[in-house]
Amino acid sequence: MTSTLTSPPKLAIIGGGPAGLMAAETARACGIEVDLYEAKGSVGRKFLIAGKGGMNLTHGEPRPEFDQRYGERAPDIGNWLDDFDADALRKWAGELGVETFVGSSGRVFPNDLKAAPLLRGWVHRLRESGVRFHVHHRWLGWHDDGALRFATPDGERVIQAGAVVLALGGGSWPQLGSDGTWQALLAAHGVDVAPLQPSNCGFDIGWSDYLATRYAGTPLKPVSAHWRDASGRGHVRQGECVITSTGIEGSLIYALSATLRDAIAKHGHVTLELDLAPDRPLERLQRDLEKPRGSHSLSDHLRRQTGLGGVKVALLHEVLDKARLNDPHELARTIKRLPLRLLHARPMAEAISSAGGVRLEALDDTLMSSTLPGVFCAGEMLDWEAPTGGYLLTACFASGYRAGRGAAAWLRAHGA
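Mapping of the sequence shown onto the UniProt record's numbering: residues 1 to 416, in sequence order.
Some clues are possibly wrong.
Unchecked claim - Estimated spans, in silico, between C-beta atoms of each pair:
{"id": "1", "residue 1": "D192", "residue 2": "R337", "range": "35 to 45 Å"}
{"id": "2", "residue 1": "D82", "residue 2": "D209", "range": "50 to 60 Å"}
{"id": "3", "residue 1": "T181", "residue 2": "N326", "range": "51 to 61 Å"}
{"id": "4", "residue 1": "G206", "residue 2": "S104", "range": "34 to 44 Å"}
{"id": "5", "residue 1": "R333", "residue 2": "A194", "range": "13 to 23 Å"}
{"id": "6", "residue 1": "G155", "residue 2": "K40", "range": "11 to 21 Å"}
{"id": "7", "residue 1": "G415", "residue 2": "S370", "range": "14 to 24 Å"}
{"id": "8", "residue 1": "R214", "residue 2": "R132", "range": "47 to 57 Å"}
{"id": "9", "residue 1": "D192", "residue 2": "K40", "range": "24 to 34 Å"}
{"id": "10", "residue 1": "S297", "residue 2": "D112", "range": "41 to 51 Å"}
Everything labelled a hint here was simulated from the structure, so no lab data went into it. The beta-carbon is built from N, C-alpha and C at its ideal position, and this holds for glycine as well.
Can you make the complete structure from the sequences, with help from the hints?
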């Protein structure tokens with residue numbers, strides 16, 4: 001069964017994540033009639049899941065340092081942030097009755113650390129403003145006459161729209177709706193789309209059965225990571241990570257994931273070196289490990305002389321044979337530079353976010369497609385990536401603001 005909407009909306013927004021909701025709010029504030037379509041039964045599902053354990057809304061880092069978190073896309077996203085930055089996002093939340101604070105890490109959270117009250121207040125305000133929501137509407141692409149096609153529980157529905165904002169997400173967490181199926185639909189209409197890749201993800205190493213069974217889920221802290229990017233430049237960063245059954249993940253690894261992923265793509269693998277004792281210089285470790293061990297086991301000797309134990313000692317056993325474990329100088333060097341050979345990024349479905357998507361070069365400054373006039377794109381479906389810490393959400397909001405404003409201006413210019 002196919003039904004056609006007889007009174008078409010001026011603007012159709014497809015996708016009910018932060019970018020789509022912000023586009024709806026911005027366009028509606030410009031006086032545009034807005035209908036928002038969501039494939040799932042409710043909007044903001046990924047937003048709610050991301051808020052579990054504390055809703056990290058944005059980051060208190062000042063600009064232009066903030067902009068640099070977006071790597072090669074910093075100039076483009078900095079342009080969006082000129083319109084709607086972290087301060088604007090905090091003010092916006094405050095207008096919804098949600099006050100925020102800056103944590104010790106610089107991350108910005110709602111005072112109650114929850115996502116649900118913010119989302120509820122936002123959706124209520126959007127409904128009150130006149131935004132019309134249509135859930136269980138999965139976008140199927142365009143009809144031959146340019147109408148939008150949706151799969152619904154009641155059969156296919158076809159609607160005409162004056163303009164469209166696509167905010168369909170990337171390829172991570174597909175069970176929440178962002179499954180990346182839009183790539184083929186846009187590519188078929190001449191839109192330049194970069195392949196989606198995992199971002200803010202873990203990596204496979206291939207542990208021994210003992211380490212995988214005994215230490216999966218164990219935090220590894222504090223450590224410093226040493227690595228070389230795809231161009232061979234060396235880097236170092238301190239933080240925390242977690243051993244998994246197949247490899248390693250956690251905040252430190254997520255922060256490096258783009259560089260590590262690209263190096264693996266270029267070289268087939270990458271070696272990440274971990275300093276297991278970042279507060280102890282090599283020379284001191286060597287002196288401490290040279291002290292007589294007596295009847296103590298190696299593990300006990302390491303604990304007494306270096307403070308290392310548990311998973312850190314297990315990692316040393318993972319990479320050193322017996323002779324090298326009993327060589328104080330070799331052992332000290334490995335503690336300072338434990339080599340881990342990363343083989344693969346974990347699947348995109350497990351990643352926090354994704355890279356790739358609609359290339360920004362395929363869009364104008366308002367985020368309208370150069371090949372599909374009146375079609376705008378926003379959010380994670382665009383070709384950019386950022387580390388966790390509030391940077392992902394901030395750019396999604398900012399791109400939604402830019403696309404919503406651009407769509408409103410385009411509709412006004414075309415007499416809608």
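Status of each hint after checking the structure:
For the pair D192 and R337, the supplied restraint of 35 to 45 Å holds, since their beta-carbon distance comes to about 41 Å. In this structure the supplied range 50 to 60 Å holds for D82 paired with D209, their Cβ-Cβ distance being about 53 Å. About 56 Å separates the C-beta atoms of T181 and N326, a value consistent with the hinted range of 51 to 61 Å. Taking 34 to 44 Å as the suggested C-beta distance range, the pair G206 and S104 conforms, at roughly 36 Å.
Under the hint 13 to 23 Å, the C-beta atoms of R333 and A194, about 40 Å apart, miss the expected range. Taken as a hint, the range 11 to 21 Å holds for the pair G155 and K40, whose Cβ atoms sit roughly 18 Å apart. Checked against the hint of 14 to 24 Å, the C-beta distance between G415 and S370 comes to roughly 22 Å, which is consistent with it. A hinted range of 47 to 57 Å for the beta carbons of R214 and R132 is consistent with their spacing of about 54 Å.
The hinted window of 24 to 34 Å between D192 and K40 holds, with their beta carbons roughly 28 Å apart. Checked against the hint of 41 to 51 Å, the C-beta distance between S297 and D112 comes to roughly 49 Å, which is consistent with it.
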